[in-house]
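Knowing the structure of chain U, use the given hints to seat chain Z on it.
Listed here are the chains, written in short residue letters.
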Amino acid sequence: MMNTFKFARRLLLATAFFTITSASAFAITNEELQEKLSLSDYRATFSGSDFQATIKMVSTDPTFTEPKVREYTQFRRDGNDAMVMVTLLPEVDKGQGKLRIDENMWSYDPESRNFTHTTLKENIEGTDVKNNDMKKPTIATDYTVVGFKEGKLGAFDVYIIDLKAVNEEVPYAFQKAYMRKDNFVLLMIQSYSLTDRLLRTTYYPTYSKIDDKYIATTTIYKDELVAGKQTTVTMFNISLAPIPDTVFSKAYIEKINK
Amino acid sequence: MIRINKIGQRLFLRFPAVLLAAAVALLPMQLGAQESDPFLDMFSNPDMITEENIEEISAPLEENFLISEKVTIGGQFYFEAAADFRKAWDKNFSYSGVLQLNLDARPVESFRFFAKAETEYPFIDTETNGSSDGLIDVEEAVKIQELYADFNIAKAVYGRVGKQTIAWGVGRYFSPADVLNLTPIDLDDPDAERTGPVALKLHASGLLSNFYTYIISNEISSVADIAIAPKYETVLGSMELGIAGFYRYDMAPKLIAMATFPVGEVDLYTELVGAWGSDKTYADNAGGTYTTENSPVVQATLGFSYKYTDPLGNGVFSSSGQFWYNGEGYADPSLAILAENDPRIVAKTILPGDLENPDRYYSALNVTFSNILKSNVTVAASWFSAFGGATGRITPSASYAFNEDFSLTAKVPINYGAAGAEFSPLGFQYTPTLEAKLFGNSQVSFAVPISPGTVYQYPFVLSLSLAKERF
Chain U
0 MMNTFKFARR LLLATAFFTI TSASAFAITN EELQEKLSLS DYRATFSGSD
50 FQATIKMVST DPTFTEPKVR EYTQFRRDGN DAMVMVTLLP EVDKGQGKLR
100 IDENMWSYDP ESRNFTHTTL KENIEGTDVK NNDMKKPTIA TDYTVVGFKE
150 GKLGAFDVYI IDLKAVNEEV PYAFQKAYMR KDNFVLLMIQ SYSLTDRLLR
200 TTYYPTYSKI DDKYIATTTI YKDELVAGKQ TTVTMFNISL APIPDTVFSK
250 AYIEKINK
Chain Z
0 MIRINKIGQR LFLRFPAVLL AAAVALLPMQ LGAQESDPFL DMFSNPDMIT
50 EENIEEISAP LEENFLISEK VTIGGQFYFE AAADFRKAWD KNFSYSGVLQ
100 LNLDARPVES FRFFAKAETE YPFIDTETNG SSDGLIDVEE AVKIQELYAD
150 FNIAKAVYGR VGKQTIAWGV GRYFSPADVL NLTPIDLDDP DAERTGPVAL
200 KLHASGLLSN FYTYIISNEI SSVADIAIAP KYETVLGSME LGIAGFYRYD
250 MAPKLIAMAT FPVGEVDLYT ELVGAWGSDK TYADNAGGTY TTENSPVVQA
300 TLGFSYKYTD PLGNGVFSSS GQFWYNGEGY ADPSLAILAE NDPRIVAKTI
350 LPGDLENPDR YYSALNVTFS NILKSNVTVA ASWFSAFGGA TGRITPSASY
400 AFNEDFSLTA KVPINYGAAG AEFSPLGFQY TPTLEAKLFG NSQVSFAVPI
450 SPGTVYQYPF VLSLSLAKER F
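These protein sequence lines map, in sequence, to chains U and Z. Residue 199 in numbering that gives the first Met the number 0 sits at position 200 of the first sequence, and the numbers go up by one each step. Residue 387 in numbering that gives the first Met the number 0 sits at position 388 of the second sequence, and the numbers go up by one each step.
No wet-lab data here; the hints were simulated from the structure. Certain hints may be false.
Per label pair, the in silico range of CB-to-CB distance [unchecked claim]:
1) Thr-28/U to Glu-55/Z: 34 to 44 angstroms
2) Thr-28/U to Asn-313/Z: 31 to 41 angstroms
3) Asn-79/U to Glu-218/Z: 36 to 46 angstroms
4) Pro-241/U to Ile-66/Z: 10 to 20 angstroms
Sample of chain U residues with no beta-carbon within 12 angstroms of chain Z, all distances over it, derived [unchecked claim]:
5) Asp-40
6) Ala-81
7) Ile-100
8) Thr-137
9) Asp-141
10) Thr-143
11) Val-165
12) Met-187
13) Tyr-206
14) Lys-208
15) Ile-255
Sample of chain Z residues with no beta-carbon within 12 angstroms of chain U, all distances over it, derived [as the list claims (entries may be wrong)]:
16) Asn-44
17) Ile-53
18) Ser-57
19) Leu-146
20) Leu-199
21) Asn-217
22) Ser-221
23) Asp-283
24) Val-296
25) Pro-310
26) Val-345
27) Leu-354
28) Phe-459
Where a beta carbon is used, it is the ideal one built from N, C-alpha and C, also for glycine.
Okay, chain U solo, but in the shape it has when bound (with noise of 0.2 angstroms):
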């Protein structure tokens, strides 16, 4: 009984100094992980070239009778926070612009021939993608770390961060996202409202590396809210060509227009 006794002291009192030590030695605090975020921001900017590809959603909800397709060519501008989207599909749209600067966009009513300003909160129109998931991302700025835990997603050792958003322009209070232990690649992210309820969660289950970018190939937003809403956003025909300076302008977005 004795023995018995000292050999699970010695192993409590074993386990306990392993995981001490092993904390202490892999230990991330809140402020690396708010550099990990940036890190992750900086590998999707391209702000030493232009950026164009094309942009596919698909869309289902439950009051829809079949899939709803929308492609888009992309341009972007990160070195100026630019960018232009244009319609493909569907075919009725076709040519329609927006044009974004900074916080500023507007988009081109081709009946009225008018220009109208939009806000960077609203959805793309018949999808579950926010205008402002198109712009650079910048998780890092608009979310400050309040804390962390270790797990696992799937194949992935991932730290599961919690955000806090830190200005009100952003549409989600409070995030926590899904970053790998690795290579500090987002997997997921999950957007709760000021009341702690999960609204949406965001899926980026394949990427592309470019030299030291990596830029989500196939991003999915799921509803939380009604059963059977998301939209898978695919990315492809990516591009760092030189884009001319004229797309990023009002001019251009009224030319392409039918």
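Coordinates of chain Z only, in the frame set by chain U:
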């Protein structure tokens, strides 16, 4: 101390059981998300990152939206029919069909041709058939909406020449700044296209600033009648500010300022117009006319739009509104209520355009609450008013969407004001209406217009509109 030792001793003795219990308790915390979310299977593939060749993706692109090998043809068609049982039995049915076609050719990057024409039936050749009897004269059956060519000069100045709709003001329901387009904004469909003039537009566009010059030569035969309208717009923070002017030899010159900007969650816009005189001819109360010259005439408008989407999905609230002080209006708008046979109308000393917007104070308000408590119910109300003439229209409505293609709406437009006034041509009237949206923009409606003091045997209007969709 003894007590602690005893508890600890018991725990040590049961250590394997405690460990197992802890593991069982903690396991769901680790795997909970994975078990409840089938999406997480996506993360079972460790090769989720594909390395791209930077040389390949840095090659120049061939995609160009400014060039097309094909000439694109598009348009829209809609058909409307109405049976108004209040009218005489032999004249209680009307119908019309409108076909709009547009043609877009972009042979080279620096040149584009665009045409949009509209034809409407039923029409009749009045020269051979005499009175049109409400039908459209064949000469007016085809209208050119837009007909222009785009070009650019050294990829720095973009030009458009021909008949074109012009983007000028920022007001949604009223736009006093828009002195260029020929038709006013349709209050019931503010996004509807408008008819523009024949003009040459030159547009120099930067990242945050734009400079436009319009040289307008609509239906003129003398160089002296050419008008010029420059506009400069720029972005200051989150405000877009525009300054413009309008000059034509025989018309009142105008200076215009406009801005759009957010305040918190609300988007605001404003227009301010100062003119030296007015181009309108006014009716006086003695059966004559007068004009306003050599004195300043000011117009100002302020509008807003706001949208709130409940984060828990319990509804979407949206609202927009606008107030317009129209310095060109009558102090007494009833002076603008003229009979069709008024000598000033017959002699054309007062034209229809002179009688548009006769009031000095206008307002518009739209409120919509949709997806109420996650249902497919929408309630809405709109109110358009001209305060000086005490006339307006209030339309409360409620609708239920069964699916994307079928919804039912019940509404009661209420027109108030004196007979002949802007929003109440028939005086006070309310019209309970039931509408069924069938597919696209097609709908059937059944309305019962009710005017106190007027009795009809069959006070019903049944109308149908079909497939008003672009292709």
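Ascending list of hint numbers which this structure does not respect
Per hint list: 6, 7, 12, 13, 14, 15, 16, 17, 18, 25 violated.
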